[in-house]
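Chains as they are written, first to last, in the working numbering: chain A, 1 to 692; chain B, 1001 to 1692.
Since the hints were derived computationally from the structure, they do not count as laboratory data. Just so we're clear, the structure is a prediction, and the values are computed from it rather than from any experiment. A virtual CB, placed ideally from N, CA and C, is assigned to each residue, including glycine. Keep in mind that the hints are not guaranteed to be accurate.
If the Cβ cut is set under 8 Å, some of the chain B residues that face chain A in the computed set are [unchecked claim]: (1) V1074; (2) N1078; (3) S1382; (4) A1383; (5) A1401; (6) A1529; (7) V1611.
Stretches of chain A that chain B covers, calculated by requiring three or more beta carbons in the stretch to come under 8 Å of a beta carbon on chain B [to be verified]: (8) 518-527; (9) 567-574.
There are 2 protein chains.
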Amino acid sequence: MDAAMIMYLVPVTGIIALLYAYSRARWVVKQDAGTDAMIEIAGHIAEGARAFLRRQYRVLSIFVISVAALLAFVSSNNPDSSPLIAISFVIGALCSGTAGFIGMNVATKANVRTTQAARTGLGPALNVAFSGGLVMGLSVVGLGVIGLGGLFIIYSNLWDTVRVINVLSGFSLGASSIALFARVGGGIYTKAADVGADLAGKVYEGIPEDDPRNPATIADNVGDNVGDVAGMGADLFESYVGSIIATMVLGAAFIPAFRSASDVTDIGAVLLPLVIAGVGILVAIVGSFFVKVKEGDSPQKALNMGEFGASFIMAILSYFIIIFMMPETWSVGENTYTSIGVFYAVLIGLGAGVMIGMITEYYTSTHRRPVIALAKQSVTGSATNVIAGLSLGMYSTGIPAIILALAIIGAFTFAGLYGIAIAALGMLSVTGIQLAVDAYGPISDNAGGIAEMAKLPAEVRERTDELDAVGNTTAAIGKGFAIGSAALTALALFAAFMQQADIDSIDVANPVILAGVLLGAMLPYVFSAMSMAAVGRAAGEMIKEVGRQFAEIPGLREGTAQADFVRCVDISTKAAIREMILPGILAISAPIIIGMIDKHMLGGLLVGVTVSGVLLAIFQSNAGGAWDNAKKLIEGTIEIDGVSYGKGSDTHKAAVVGDTVGDPLKDTSGPSLNILIKLIAVVALVIAPLIR
Amino acid sequence: MDAAMIMYLVPVTGIIALLYAYSRARWVVKQDAGTDAMIEIAGHIAEGARAFLRRQYRVLSIFVISVAALLAFVSSNNPDSSPLIAISFVIGALCSGTAGFIGMNVATKANVRTTQAARTGLGPALNVAFSGGLVMGLSVVGLGVIGLGGLFIIYSNLWDTVRVINVLSGFSLGASSIALFARVGGGIYTKAADVGADLAGKVYEGIPEDDPRNPATIADNVGDNVGDVAGMGADLFESYVGSIIATMVLGAAFIPAFRSASDVTDIGAVLLPLVIAGVGILVAIVGSFFVKVKEGDSPQKALNMGEFGASFIMAILSYFIIIFMMPETWSVGENTYTSIGVFYAVLIGLGAGVMIGMITEYYTSTHRRPVIALAKQSVTGSATNVIAGLSLGMYSTGIPAIILALAIIGAFTFAGLYGIAIAALGMLSVTGIQLAVDAYGPISDNAGGIAEMAKLPAEVRERTDELDAVGNTTAAIGKGFAIGSAALTALALFAAFMQQADIDSIDVANPVILAGVLLGAMLPYVFSAMSMAAVGRAAGEMIKEVGRQFAEIPGLREGTAQADFVRCVDISTKAAIREMILPGILAISAPIIIGMIDKHMLGGLLVGVTVSGVLLAIFQSNAGGAWDNAKKLIEGTIEIDGVSYGKGSDTHKAAVVGDTVGDPLKDTSGPSLNILIKLIAVVALVIAPLIR
């Protein structure tokens, strides 16, 4: 097997992913969609989601065309690059956008079919929800590998590998641009609707908070799809693509050494990330077969089987791939590398991903001490609940930071900067199934909402609640995974940036660079503040609109007239797109401005934004997740000092405040930081040839 | 004038400060202390404050003796140091402890006399409160300069200047140790009492929240003195001493160059920080004469006159000092320095301090847009109030970070690393009057509390309220100043550490160092989490004790029996001392452990902890300050969409939640970070000779 053959096999795995995703999607669509009421509600949600995507993609297309023209212009005189970088950029954006489109379309079909399946039993419902998620997961990895692999093949016919990779980096920028819109915009959308719907009941008397009569509930359900399905998909697509590109950039430095040492191909280190990604796709498909549950079994166990099973298989396979594609040992300058070292780096990435997920689970699960303690702090009111949640979130940064620090040191020790990049990819190699598990959550959540709105029997709601409870945990783990992979991807991109910008060292003893670190560390705060304030403003508009409808639509309060869902969907959509412009400009312009001042200062900025962004993201995600589950705990069966509290008690009200505070933290500003740190690093990587 | 003469003049300024402080203290004590009821209440507060200090100093003395023995042991074989470093350490601790003792003693006498003076008019009341604060301010700078200057004279007779400075660095560690106890312990104390007193009313029915019958109110008033007077004093003492030492360390590198270029002394760059500090003392005394207010005038204007007047005079004088003590130009290696460059660095420090203060004022003042917008967000409930406050706090990191970044770059451009250190000192040169203004706040706050408890006529309370309102703004500015100076001091100490540990560059492109940055950036989160959780636990104990007293002491509810204040004071005291052990161990052990692994990684840790700590501190301080004032705004005259809200409204209740959440953020975990970043840097500096 030679390099060309390997190269051509990579996109084939992507095609397999898409074909399998298509078959799962067909299967989902063929399932029974239930009663007329259910079909109607689901139709509103699907229509709202499509409306958002349509409007988002319209704005995006203007943005993408402008940036593409700019990219083509600045690259036209660069002998190491090519105006075709604009094509890479557009295709990157298209692949990410298409994956999001497919994923959301199927998710909005899977939700109601999950509800209907839940009328028969837990197993069938899990099957539909997970299949819906799997379509999203496989679309992301499939399109990622087809896009990158395909362009790599085409460009390889034109130029040498180093130039190919430079031009390819535009793909990553395209993915990041979509991620910015999907994750930040989606995050604002979903929480504007959620917080708006909840608070309307507080502001105006007699408006039910969680009820089909509340016109914001459809927008709320649309938001789950927009933020948690499409947003999460674009986020991981960005990480996936970013870590592949970064590894390719760093691998290119090995070509001369491989030429004498390798018996397979001299671009083994460049192809390796693509091959691992391709094999990861096949493993994800295999892993999905493990996800089966019988009535009475725990859905959590089934999902874990799929995820851990896939990780385990991937670990074993990557050993053989690396041994096959790389020489046993090679040297660049004074450094000697070994193939087994690269394998260890992959293991470290996989292991770090699993461990960060487990820590996240510890801090946000209803069964563990932190959330139980948080629930108890709600007895003395909302203030102590909020303080305790902030404290919990801050605490929870400790162990993940140590895991990441050890992973960075370990991967570097075993395989240099290449090791850090390949560790990021190791973590992301099972993205296909990870994302399936992530997307399963909002689908189940939607299924529950539909059951409620369609007034289905209690046992249906119980089953969807069980799926949803598991979904909360998987969502928390998925968030931890997304942050961890974003961190490693950003560091990989940082290493790639240094290589491309011809930077040997970034010395923070130099105050100019130190100032860069400080400014970088500040950006996540301002970015978070912007997205939080955006949610506040948009939720305010939503509250007013709900109040207006209840005042002006006769019979709405009594349930005889229908609410104007479309207006609420429209408010969220407009707000999401309007409010993400400023943070977007901030994220894109900051690295360009600092890079023009001094490329080393830009290096400092990247370090600052990554380190600060990761910690702030973990803090926000875990605090938000813990508040959410503390509220759930109090709604359930918890006893505090012998007294049990349920819905409507003062303790519950206090916990609801924490939950509402946590909403934008965990679903808007926290996840947005994943995008911020990667986007800034990608922009730096793309402009690197210009400032070297 | 030669070096020896300059050297001997420095402690003289410190003695002048103490003499003037003594005369102001005598004057304060001679004022009328008012009615028997007032004297009794003030006596409780003073007794509580002394009880805390006694217990704190007992624990501290064990800590100080142990660390001193350890320091003497590890330094005994180091030819660049000496076991006498233990003496520096003990004297540093003693000076800081004594300053805190004097300041708090006078503050607890000034409070009731301010109340009494307020019965006559605003002017006399301001005069008493400010005089009380001035005693604190002058004690801090006086003892700092006497201690450092005196030890410098003694050691200079024993060794060469470089060794003198090494041994002197123990003084800074002593100051930091006290600051840790006073600021972190004091912060926990004050908020345990405050939050506990407030929430007791929520948990048990019929217990007044802000009333002399509530046994936690005395502890609450003690807390103002413990946290805001003694804690702030120790914080600024640490910055003051740290920036002087750091400048001396960096100035030592100029000795050979000065030997040929200077016509005054070859240790001009080493002596300069002491001289600036000494002159700053005289300027602070002069500035204090400007603080006069007539009935009808604004106390804010009077305080501003004192502060800005002193800053202005200091700026002019420092020009002549620098021109006198330094050659016009000199070179070290490839770098050329100029005396005018050093002067610019001082100006930059002074200017940055004033600007950060003004930004803080903008984000936390009741008259400005951010707080007004925050107050409006309270209409939709406590959740939106909390979200908006978090967002405001995060936003508010933006401009201060840019100011600091520019200050760092500017000071470095004009005068190298020495410039950064001297900029820190420039900011701190007017600490004497800055601290007077800071301490004025809690004294006025106490005065108001005493007026309330002693049931004085409404006009008295109105006057003390006016003083207190100004105190809130000065407190906010003071906090901004404390953070800014802590940041510059930490960076100055960082530069000094590099020189002492013989580190040329700290390359974050090296993943081990990058891991150090990540771990460093995480520490402020965990440190904040610990202190917040500590407040939560201690407040919980306080709530229970208040409940117990109301249940068990007959007649307490009716006001016929007296509450057992002492028990509440005791709970806060014990909790404060118990709860600060773990954060303290974390702060001291982290740099030692990382330093033993790799001195460059320790450099990374310092960068991470400083950058992350400053931002997290600004976020917490400003969010807390804004919530506090938003609540005050709603209690007053604000109109929101044409409706005005007062005490007891739902909007007010929502704002109270934000205020309570903000309490530990702005008074415990936020300020504690100032200590964390300096303490870690000082520990690194002290162990630098051992790991070089």
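>> Does N1078 of chain B hold up as a contact with chain A if the rule is Cβ-Cβ below 8 Å?
In response: With a minimum Cβ separation of about 24 Å from chain A (threshold 8 Å), the hint on N1078 of chain B is violated.
> At a threshold of 8 Å, is the proposed contact between S1382 of chain B and chain A supported by beta-carbon distances?
Replying inline: With a minimum Cβ separation of about 5 Å from chain A (threshold 8 Å), the hint on S1382 of chain B holds.
>> Is the interface hint satisfied for A1529 of chain B? The criterion is a beta-carbon contact with chain A at less than 8 Å.
In response: At 4 Å from the nearest chain A Cβ, A1529 of chain B passes the 8 Å test, so the hint holds.
> Per the CB criterion, is A1383 of chain B less than 8 Å away from chain A?
Replying inline: Status holds, d = 4 Å.
> Do three or more residues from the region 567-574 of chain A put their C-beta atoms closer than 8 Å to C-beta atoms of chain B?
Replying inline: violated (count 0)
> Does V1074 of chain B meet its interface restraint, that is, does its C-beta lie within less than 8 Å of any C-beta in chain A?
Replying inline: violated (26 Å)
>> Taking beta carbons only, do three or more residues of the region 518-527 of chain A come closer than 8 Å to chain B?
In response: holds (count 6)
>> Please check whether V1611 of chain B passes as an interface residue: C-beta within 8 Å of a C-beta belonging to chain A.
In response: Because about 5 Å separates V1611 of chain B from the closest Cβ in chain A, which is inside the 8 Å limit, the hint holds.
>> Quick check on the hint: A1401 of chain B CB to chain A CB, less than 8 Å?
In response: For A1401 of chain B, the interface hint holds, since the closest Cβ of chain A sits about 4 Å away, which is under 8 Å.
In summary, the structure is inconsistent with hints 1, 2, 9 from the numbered list given earlier, while agreeing with the others.
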